[in-house]
Amino acid sequence: MTPEVVGAGQVRVAIRAAGVNFRDVLVGLGVYPGGGSVGVEGAGVVVEVGVGVEHVAVGDRVLGLWSGGFGSSTVVDGRLVVRVPDGWSMEQAAGVPVVWLTAWLGLVELAGLRAGQRVLVHAAAGGVGMAAVQLARWLGAEVWATASESKWDLVDVPRERLASSRSTVFGDVFPGGFDVVLNSLAGEFVDASVGLLRPGGVLLEMGKTDIRGPGDFPGVRYVPFDMIEAGPERLGGMLRRLMELFGDGVLTPVPVTGAPVQRVREVLRDLGAGRTTGKQVLTMPACLDPDGTVLITGGTGGLGVVVAEHLVRRHGVRKLVLASRSGVTDRLAGLDAEVRVVACDVTDRAALADLVGGIDGLTGVVHAAGVIDDGIIETLTPQRLDAVVAPKLQAALWLDELTRDRDLALFVLFSSVAGVIGNPGQGNYAAANAGLDALATIRHRAGLPATSIAWGLWEHTTGMTAHLQHRDRA
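In terms of this note's numbering, the sequence shown is residues 32 to 505.
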């Protein structure tokens, strides 16, 4: 797929975290009015800027609004991104744009909430609700709220001003005369909310599943709104103002709960079922850095050399470290890359730690090291099992441990079909490779990159298969 061209006034962002909203749930279910794509906000790193963009530069961490945010990169209107404050995590930053812009647009721009007025915030334990409570208090309003009773401790309003969002009892126990209601509920909850408003009061409707008509509530202002419809110029101005208030310590980001993008279905189900609090964020894997270094274990063997050539020619990698027991190869002469060959026994954790720790800008690991020691089950001693497991599985576990804080884009494991279907005479080899597959699953659950490739026997001879006769290969 051809990357989208960055035009004047635009920015390309490598996405590192994406905010999740109820809108995404509705889009996923196919019931969002007018359709749309999931992922409208997030945080990441600027990798390209168009003509006329001066407030951010390549390498800046930014947060903002965009489309297609559940992916690796996006091109966005430069007016919709701002720098991430120092000390903020990408997850924290990704949770800011939608909830705060929605709350600001509704309370400040549309309702004109002022000091001394009374406001009711529904679903106040959610992201927008928490942001709205902070904004309303900063504006000097008297804040009332609803939330599930199990979440009341998370809502920063006095207990006597709290009611359940699971029933319409708030319409009976709260006093009338509210100036503003920020609503995300539906059905009878809307009618109960309108009943609490004073004449001329404002019901801000940010829900999408029960939009009423303009004449349904005489005597009050019924204002359905969608933050995105405010347009880039207006949204950009609001976002910059919010960042000023964060910088002054007036406002603080709402709590975020992060999960790797691989768990998107689970996150959307929980959000749709009302089982979440605060803001939900998906984290994205890093992109392969063309200026970074890729480590290949078993790098001077037949498989390692093939992968080194592939990374350079197909993926643009320009720096390679090839680790092997011998540390010698002359097979990559003329390759358009900086290649360093080092001797390292990957079954020695200390040696492996020194190797990994000495690589600056590590962006990927390919674990191609391994040996075979075939034999039927009755002949497999603990020593023969260890001889195969150590360089393949134990080394992989150490590589996983030693690179957890390196923000890798690539973690490839040379597994084998033996671990999937089992090959006669390769019980030890099958076990080691099944372990690699399991490690990849563990890393996925942690939001870390991992690809475990269950290779069959390669057509051309490699170091591990040179001893096989033609009959064996056939």
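Rather than coming from a laboratory, the hints here were simulated on the basis of the structure.
Beta carbons are placed, not taken as given, at the ideal position from N, Cα and C, and that holds for glycine.
Don't take every hint at face value.
Between beta-carbon pairs, the in silico distance windows are [what the hints assert, rightly or not]:
#1 Gln-414 x Ala-368: 36 to 46 Å
#2 Val-78 x Arg-476: 51 to 61 Å
#3 Gly-171 x Gly-231: 12 to 22 Å
#4 Ile-408 x Trp-486: 18 to 28 Å
#5 Pro-263 x Ala-364: 29 to 39 Å
#6 Leu-488 x Thr-240: 13 to 23 Å
#7 Ile-484 x Arg-300: 42 to 52 Å
#8 Asp-117 x Ile-408: 24 to 34 Å
#9 Ser-68 x Gly-143: 40 to 50 Å
#10 Ile-408 x Gly-478: 12 to 22 Å
Subject to a maximum C-alpha distance of 20 Å in a straight line, what follows is the list of computed EDC-like cross-link-like pairs (lysine to aspartate or glutamate) [stated by the list, open to error]:
#11 Lys-239 x Glu-219
#12 Lys-239 x Glu-191
#13 Lys-239 x Glu-260
#14 Lys-182 x Asp-301
#15 Lys-239 x Asp-222
#16 Lys-239 x Asp-257
Against the structure, the hints:
1. Taking the beta carbon of each, Gln-414 and Ala-368 are about 39 Å apart, inside 36 to 46 Å as hinted.
2. The beta-carbon spacing between Val-78 and Arg-476, approximately 28 Å, falls outside the hinted interval of 51 to 61 Å.
3. Between Gly-171 and Gly-231 the CB atoms are about 20 Å apart, so this pair conforms to the stated range of 12 to 22 Å.
4. For Ile-408 paired with Trp-486, a C-beta distance near 23 Å keeps the hint of 18 to 28 Å intact.
5. Between Pro-263 and Ala-364 the C-beta distance comes to about 52 Å, which lies outside the given range of 29 to 39 Å.
6. About 56 Å separates the C-beta atoms of Leu-488 and Thr-240, a value inconsistent with the hinted range of 13 to 23 Å.
7. At about 31 Å, the beta-carbon gap between Ile-484 and Arg-300 misses the expected band of 42 to 52 Å.
8. Distance hint check: the CB atoms of Asp-117 and Ile-408 are about 59 Å apart, inconsistent with the given range 24 to 34 Å.
9. With their beta carbons about 32 Å apart, Ser-68 and Gly-143 fall outside the hinted range of 40 to 50 Å.
10. In this structure the supplied range 12 to 22 Å is violated for Ile-408 paired with Gly-478, their Cβ-Cβ distance being about 38 Å.
11. A distance of roughly 15 Å separates the Cα atoms of Lys-239 and Glu-219; the hinted pair therefore holds under the 20 Å criterion.
12. For the suggested pair Lys-239 and Glu-191, the alpha carbons sit about 29 Å apart, so the restraint of at most 20 Å is broken.
13. Proximity of Lys-239 to Glu-260 is assessed by CA-CA distance (about 14 Å); at most 20 Å being required, the pair is judged to hold.
14. A hinted pair counts as satisfied when its Cα atoms are at most 20 Å apart, and Lys-182 with Asp-301 qualifies at roughly 15 Å.
15. About 16 Å separates the Cα atoms of Lys-239 and Asp-222, which keeps this hinted pair within 20 Å; it holds.
16. Between the alpha carbons of Lys-239 and Asp-257 the distance comes to roughly 9 Å, so the proposed pair stays at or under 20 Å and holds.
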